[in-house]
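Going line by line, the protein sequences match chains A and B. In terms of my numbering, the first sequence is residues 45 to 572. In terms of my numbering, the second sequence is residues 7 to 116.
The set of hints was computed from the structure by calculation and includes no laboratory data. The model shown is predicted, which means the values in this text are computed figures rather than measured ones. Honestly, I wouldn't trust all of these hints.
[As the list claims (entries may be wrong)] Each computed DSS-like pair below joins lysine-lysine, with the alpha-carbon atoms no more than 25 Å apart:
{"id": "1", "chain 1": "A", "residue 1": "LYS249", "chain 2": "A", "residue 2": "LYS159"}
{"id": "2", "chain 1": "B", "residue 1": "LYS69", "chain 2": "A", "residue 2": "LYS537"}
{"id": "3", "chain 1": "B", "residue 1": "LYS35", "chain 2": "A", "residue 2": "LYS539"}
{"id": "4", "chain 1": "B", "residue 1": "LYS65", "chain 2": "A", "residue 2": "LYS537"}
{"id": "5", "chain 1": "A", "residue 1": "LYS56", "chain 2": "A", "residue 2": "LYS82"}
[Stated by the list, open to error] Computed Cβ-Cβ distance ranges for the label pairs, DEER-style:
{"id": "6", "chain 1": "B", "residue 1": "GLU45", "chain 2": "A", "residue 2": "ALA475", "range": "27 to 37 Å"}
{"id": "7", "chain 1": "A", "residue 1": "GLN536", "chain 2": "B", "residue 2": "SER31", "range": "42 to 52 Å"}
{"id": "8", "chain 1": "B", "residue 1": "GLU61", "chain 2": "A", "residue 2": "ASN411", "range": "42 to 52 Å"}
{"id": "9", "chain 1": "B", "residue 1": "GLU61", "chain 2": "A", "residue 2": "PRO299", "range": "37 to 47 Å"}
{"id": "10", "chain 1": "B", "residue 1": "ASN106", "chain 2": "A", "residue 2": "PRO418", "range": "48 to 58 Å"}
{"id": "11", "chain 1": "B", "residue 1": "ASP76", "chain 2": "A", "residue 2": "SER224", "range": "46 to 56 Å"}
{"id": "12", "chain 1": "B", "residue 1": "SER31", "chain 2": "A", "residue 2": "VAL479", "range": "32 to 42 Å"}
{"id": "13", "chain 1": "B", "residue 1": "ASN106", "chain 2": "A", "residue 2": "GLY446", "range": "22 to 32 Å"}
Beta carbons: idealized from backbone N, C-alpha and C, even for Gly.
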Amino acid sequence: MSSTLIIDSLRKQISSCEAQLKDLRRQLAEAEQLRRQKQEKERLGETTVANDPLDHDMNYGIADAFRSEVYAALSPLAEENVMRRSWPLEKAEYKRYGRQLIMPEIGLQGQLRLKNASVLIVGVGGLGCPAAAYLAGAGVGKIGIIDGDVVEESNLHRQILHSTSRVGMSKVESAMVFLSSLNPNVQLTPHPSRLTPETAIPTMKDYDLVLDCTDTPASRYLISDTCILLSKPLVSASALRIDGQLVVLNNPPLPPGDPKGGPCYRCVFPKPPPPESVVSCGDGGILGPVVGVMGVLQALEALKVLTRTPEPPSLTIFSAHANPMFRTIRLRSRKPKCAACSSSATVTAEALTSGSLDYVQFCGAVNPVEALRPSERISAENYAKVRMGVNPFTGSENRREGHVLVDVRERVQFGICKLEGSVNVPFSEVARTPVTTTAAEVAQMPNRLDGDGDDRKEANAKESWVDELRRNPDKPIFVVCRLGNDSQVTVQKMKQLGLDNGGKRWIGDIKGGLRAWRESVDLEFPDY
Amino acid sequence: MSETKDGDTIPITVEFTGGLEMLFSNQRKHELKLPAKDESEEPANIAFLVRYLCENVMKDPRKDLFVLDDSVRPGILVLINDADWELEGEDMYEIQRRDNILFVSTLHGG
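Only chain B is shown next, with the shape it has when bound in the complex (with noise of 0.2 Å):
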């Protein structure tokens, strides 16, 4: 991971909902600092805000549930400032400065 100063790092929101915050210490709203570069200083995307979530935000180890061959698990949408994530360019959307990235789980209960 690279060093994160202040300067470099991007103030977002994200959220989980639809049981998904279960396997984020049950906490449904997060205020984070995301790194403004990736590994390979490139522009953060959604594809690396999931890498980072899954190692840092995350402390369940079902890594599964929320992730599988290295995307989204099936069943999640992606919501991008109260979009669907296709609209928007999937996992190379760009992350701006205070973005709202919503995960939600899909529910079959009825």
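So that you can see chain A by itself, here it is in the shape it has in the complex (with noise of 0.2 Å):
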């Protein structure tokens, strides 16, 4: 039905798109017979009379609608005249930017200092996406945009350029389809690639600003180095769960050593936070609205670092359940001692574009967990053998009572699907339970001792997933999680909490969670 309705509607766009194509070619037609005819009478010499007999009866003897087709008729010099009077911006764009151009915050002077701008976008996901078009939309003359994936269906919720039919294109590709079909007058560069450090110099140096819409610390490093090296503002603004974070940096963009420039991503952040505690959309989830406000204000301060002078550096934070819901901090100026921005800078063009500063290195990564032995890990084909019936570690009869199976994953993602007969223990209660859990030992830990209440019940209910599994002492435990790191965390920390039995019991995990079992075992379990 809605596909029928799809393709009705783009005949009727195409028939419509083909009659405006025959209208521009009459009108194409009509205006270079007027350039032949004017043409023609520049080369007889024709010049207007001074005193032309025909004036007085023209100006004062009939009526004005006729006067206009005389004049139309007579004498195309008249036309030539008031189009050769030139205007700052082109006809279409009074009109198209009418609405922001009546505002004094804007005004002519801002137009046209947005349309001579260009800005670079950093990545066109969450961010990128909705920055991207409001800068387009405002009429910026340039913008560069730069990314190196495709677009998948995860993107969608909150990734407005893209769309259903562009899945599998790549980002950037995908970006400039919506960008020009919105603002034709805007020059596009697509960046279809992503930036690092050898690159990042030449990319960057022929834009006036830059947008960093990425999602590594690494990346955020590199973008705010460059900027300092290019003397670049820089608009960074970062997005979780139902939180996000905006800061203008290097605003003013005054050269390293200058205390009166703004400060710099390092300045704030000397350095970089631990790898296992920076988390991403993927794993934490992302709300598409919250992601897009923080692209929007993105485009917002874009807007004001090209068009109005510079403010004292400040971080918004936005929190959707929080009230009031943003909250806006002073920030410090330039550290005396940064890395990149004062006197005594070590990042240099040199050894970025030399590729001597590791980024990725400086930010460090999360290794797949390889924690266990392969007697204590058994493939999701092998597991589905097991609930069948029988058990490859002891050949015995087996069914799903006769194993536990314990999934790590958080209760949300857990409501969202599971193994028939699993049980849940969300991993973040795993990773709060100390590995001393006997009552007398909870007693003797020195930071306990004052605690109230709460306390007491919270370390109970610690206790109270692994006193569960302390009931059936004979049963093998498996446990599974989304991809099989968790997973093998906890198998280490059961053990360490005694739950083997001193061996006696198997405990062990599902190797590759359950993106395995999707692949190997069920192709309908949900994959989100």
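Now that you have both chains on their own, put them together as the hints suggest.
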């Protein structure tokens, strides 16, 4: 039904475009004809006579409507004069930008500044999509977009430039399709690859302003350092779950060593966070409008940077469930010993282009967990066989009740889909559980001495899952999670807690987690 | 921990955001009565508050997600009454009654 509608609508659009094209061809032919006439007249040296005897009659003697007609018929020269008048903006631009043009905050001068400006948007994901749309809409003259990813289905709830039909296309290409149709006046430059230390300077040097719409600490340091080296202001934002943060850096973009310049990312965050504390949108989740709000605010700050004088540095934090939702915090100025923007800076253009600055190493990476021995792991296929009947470890008959399957994904994910018969012990609870959990040991922990009732309740809650698993000391425990990392850590923790009865009970994890289960056992198991 | 009578405490608001609240019982806002003096009878400052939070408020054993080398770990901004703590003397800032101390973990998603 809906596809028929789409086909009809496309047919209508095509015939309407064809009609438009025909009309444009007619107008072009007329304009060319007009130009030929004018050139002909010029060649004949025709000039206006100063004392035209027609003047009096034309000005005072006839109806205005008729006068217009006579002018039009007699005098292509008058039209030429009008056409020669050059306006600072194109005719269509007055109309297109009229609603912001009439504001004192923009005005003609502001619009011209936008038209002459060039902005680089690094990353066209949740932040970059709305930011690019609003900047293109506002008439920023040149917009560069850089991204090395392709559009995925899981992007679409928040990355508003991309569409269902463009899944698999490069994000840069998909963004170009949207933006050029939104505003054909904007000159778009695609950079369909990831920003690297070697390419950062040549990529960024021709732009007036940079928007950091990326999603890793490494890229944030790289972009900030490059902005300092090239003296470009930087609008940086980030978002996760229901929170967002926004900061304008290096504004004003004064040379390194000038304390009056705006602080850079390294001034605010001299050291990168420990990699295990960094949570991505894929792992932590993200609400579309939350990252959308932050991207829109980046576009807003970009317009302010391009049309106004800099304000003192501040950090805006957004939290969807807080009241008020926005808070603005006064930030420090440039750090006197900053590695990037002080007079003693160690980040140099040579270091960057030679590749001697390794941002990925600087920020560290979380290696895939390899915590268990092969005998402590079982493949998804073999676990499926355990559920069917035979236990490959003991050779004995098995049923679902013959073992315990512990799913350590967080409660919400467990609620989305689960293997039948699995019990949920969220990994956050596992991680919170101290290895010393006997009542006597808990009482001896110095931190708990002056704890209130809540503390004890909490301690009890932590123990309850351990107690629950102690209740059936003979049943082997299989641990599963989303991808097969948390499950390994959990197996280790369970053994530290003595749940394996000194090795008498088998505890192990399902290799590759529920992803492996879906890929090799049950294709219908939801992929989220 | 020193004995705390009501007169010896400072009422303050401590807030956590950017995911840090997960380490503090999933509660963003905590109204606290902080002992007015630290272990060595000096006026309570931010460094003491951080130790106090670790020992008394944080129930999660993963202390390294909040402190590293006796200071707030990299990637956490400390804001005193809506200003960067670097503007106020960092962890030496002496805490005043009804101060609002906000711990913000930086986000990286986008």
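**Request:** Look at the Cβ atoms of GLU45(B) and ALA475(A) and judge whether their distance stays inside 27 to 37 Å.
**Result:** holds, 29 Å
**Request:** State, for the Cβ atoms of GLN536(A) and SER31(B), whether the hinted interval 42 to 52 Å holds or is violated.
**Result:** Violated, since GLN536(A) and SER31(B) (Cβ atoms, about 25 Å apart) do not stay within the stated range.
**Item:** Satisfaction of hint between LYS537(A) and LYS69(B), Cα-Cα up to 25 Å
**Value:** holds, 17 Å
**Message:** Is 32 to 42 Å respected by the C-beta to C-beta distance linking SER31(B) and VAL479(A)?
**Reply:** violated, 20 Å
**Asked** Taken at face value, is the distance from the CA of LYS539(A) to the CA of LYS35(B) at most 25 Å?
**Response** Outside the cut-off at roughly 36 Å; violated.
**Prompt:** Holds or violated: are the alpha carbons of LYS65(B) and LYS537(A) at most 25 Å from each other?
**Reply:** holds, 18 Å
**Item:** Range hint compliance [Cβ, ASN106(B) to PRO418(A), 48 to 58 Å]
**Value:** The hint (48 to 58 Å, Cβ to Cβ) holds, given that ASN106(B) and PRO418(A) are roughly 53 Å apart.
**Prompt:** Do the beta carbons of GLU61(B) and ASN411(A) sit within 42 to 52 Å of each other?
**Reply:** violated, 32 Å
**Request:** Could you say whether the range 37 to 47 Å given as a hint is met by the Cβ separation of GLU61(B) and PRO299(A)?
**Result:** holds, 46 Å
**22 to 32 Å as the expected CB spacing between GLY446(A) and ASN106(B), which holds or is violated** = violated, 55 Å
**Request:** Confirm or reject the claim that ASP76(B) and SER224(A) have a C-beta distance inside 46 to 56 Å.
**Result:** holds, 55 Å
**Request:** Mind checking the alpha carbons of LYS249(A) and LYS159(A) for me, to see if they're no more than 25 Å apart?
**Result:** Given that 25 Å is the threshold and the Cα spacing comes to 18 Å, the pair holds.
Hint violations for this structure: numbers 3, 5, 7, 8, 12, 13, all remaining hints satisfied.
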